[in-house]
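Colleague: For what it's worth, the numbering used here labels the leading residue of the sequence shown as 939, then goes sequentially.
In case anyone wonders, no lab produced these hints; they're calculated from the structure.
Computed from a predicted model, the values in this text were never measured in an experiment.
Heads up, some of the hints might be wrong.
[As the list claims (entries may be wrong)] List of simulated lysine to any residue pairs, SDA-like, C-alpha gap at most 25 Å:
#, residue 1, residue 2
1, 1112, 1100
2, 1112, 1045
3, 1112, 1404
4, 1437, 1400
5, 1162, 1135
6, 1417, 1100
7, 1162, 1447
8, 1417, 1238
9, 1437, 1392
10, 1162, 1095
11, 999, 1083
12, 999, 987
13, 1395, 1380
14, 1162, 999
15, 1417, 973
16, 1417, 1395
[To be verified] Beta-carbon label-pair distances, calculated as ranges:
#, residue 1, residue 2, range
17, 980, 1075, 34 to 40 Å
18, 1286, 1357, 25 to 31 Å
19, 1297, 1083, 19 to 25 Å
20, 1445, 1099, 26 to 32 Å
21, 1438, 1075, 26 to 32 Å
Here a beta-carbon is modelled for each residue, glycine too, at the ideal position from N, C-alpha and C.
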Amino acid sequence: MALAFALVALFAVCANAAIPSAMMRGIPALPPVSAPDGQIYTPNGTALPSLDTVYTFNQLKDHTNPGLGTFTQRYWMNWQYYQPGGPIILMTAGEDNAENYTGYLTNQTVNGLIAQQQNGATIVIEHRFFGFSNPYPDLSSQSLALLTIQQAIDDFVFFAQQATLPMPGGDNVKPDTTPWILIGGSYAGALTAWTMTNQPNIFYAGYSSSGVVEAITDYWAYFKPIQEYMPQNCSADVQSVIAYLDGLYAVNDTEKLQELKTAFGLGSLSHVDDFAAVLEINLFDWQNLAPYTGPGAMFFQFCDALEVKNGQIAGVDGWGLDNAIQAWGGFWNSTYYKLGKSSHVYTDAETCLGTYNTSQSYWTNTAVNNNWRSWLWMVCNQVGFYQDGPPLDQPAIVSRILTPGYFETFSSPPQPSTAEVDTTYSGWNVEVDRLFFANGQRDPWREVTVSSEFVSKASTDMQPIYVGDGFHCSDMVTKSGVDDATIAEVQSAALRYMKTWLADYPGYEF
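Go ahead and model the full structure; you've got the sequences and the hints to work with.
Modeller: What follows is the structure in structure tokens.
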């Protein structure tokens, strides 16, 4: 058994960067937004440094043992709209190299909209052990022992309390005199809630978009919003293939299982659970959708391949099993698998997509700036989020061959400490003043946010919960509100609440 997260990342490696962006959808990550080209000016015409300018901060390696010294933590900053007394708006990119997120310094995103409205400055800080902000020069398990939720929380607090920012007056904007706003999306959105729960009175307000606050091991419900909102003919045909696979597996029909794998060009893939995990990959494309995504998105190409035949579109029940196998196998072979083969990095399916051989470089490479390795450490140790098959009373677009056991074999400890995480940081039970939650109905991470169908949580004036029709972190991107009125309302509400809350901050005059 093995980690399906690893399978997805491993395929990206085998494709030699030809399609890695398509393979990064299964983690709770913010959509990257790059800063626009060109010079940035303040309203009075003062030229500012490029938004790609990297600043550094001497962060403690271990907040429980400061004697271990410090490491260089990178951050980016924009004070285009700042006026003395305005808020400092801090965001981490979460589980990725933060170089790809400089757009969150600008009004292309909700961060910049708040800064523009409230005369604030924006900061994007790189999470420890992601990108090039590393306490140690490798990602060995010994080094990653310092990659925990609590260490990340303490990083934000120490930065807010100790950093001298590069803007004019940047030595006099600590949280005891200046309102700091913590913003994040996805895992970073959860960090916003967890930080304000664990370290109150540091950040005056917060914004959590698609915040995955409830750590959970068996996260079959990742696929629930996908099944609900994808074209129903496509869902029907995917379910028929999955039911066929699971039925063959249940009776150990090795001959027909081999035929099914061969239809996808994966006859040489040794283990059926690895094959079941491969079939998740097309579904992960859903997470990358946005309100402004056109019909050419990979997920819709996938459904078109299954449901359009000879110029005709299938009814709600799809075309049926035989066509679904042929069409899905053909699409897989002509897209992801074809690109993987053309990279010449591997010669067979087992080399690329098999996860049982732990001597492969994916498992052994400890070089820094490998966000998959760092994120898997957090998955295996603390947050879980294993995207497996559903219970028997739920529709299955993912094989029930995939159970938590498939993910846990290479975990150390054997299971992530999700109960401890939820107890320590409150999970769905979070109650924090001046924390705005924004979620999307079509977000595959919806069921671990405060808008989950598995919890009833009331929206209040001090902890508002707004839900639009968006996907994952759609509300973070300004353009989403242009294309979807429900997301525009979420963004407008956030701006209203920030204005109201900041008006109550002692001495705030804007």
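Colleague: When the structure is checked against the list of hints, which entries are broken? Sort them ascending.
Modeller: 3, 5, 6, 7, 9, 10, 12, 14, 16, 18, 20, 21
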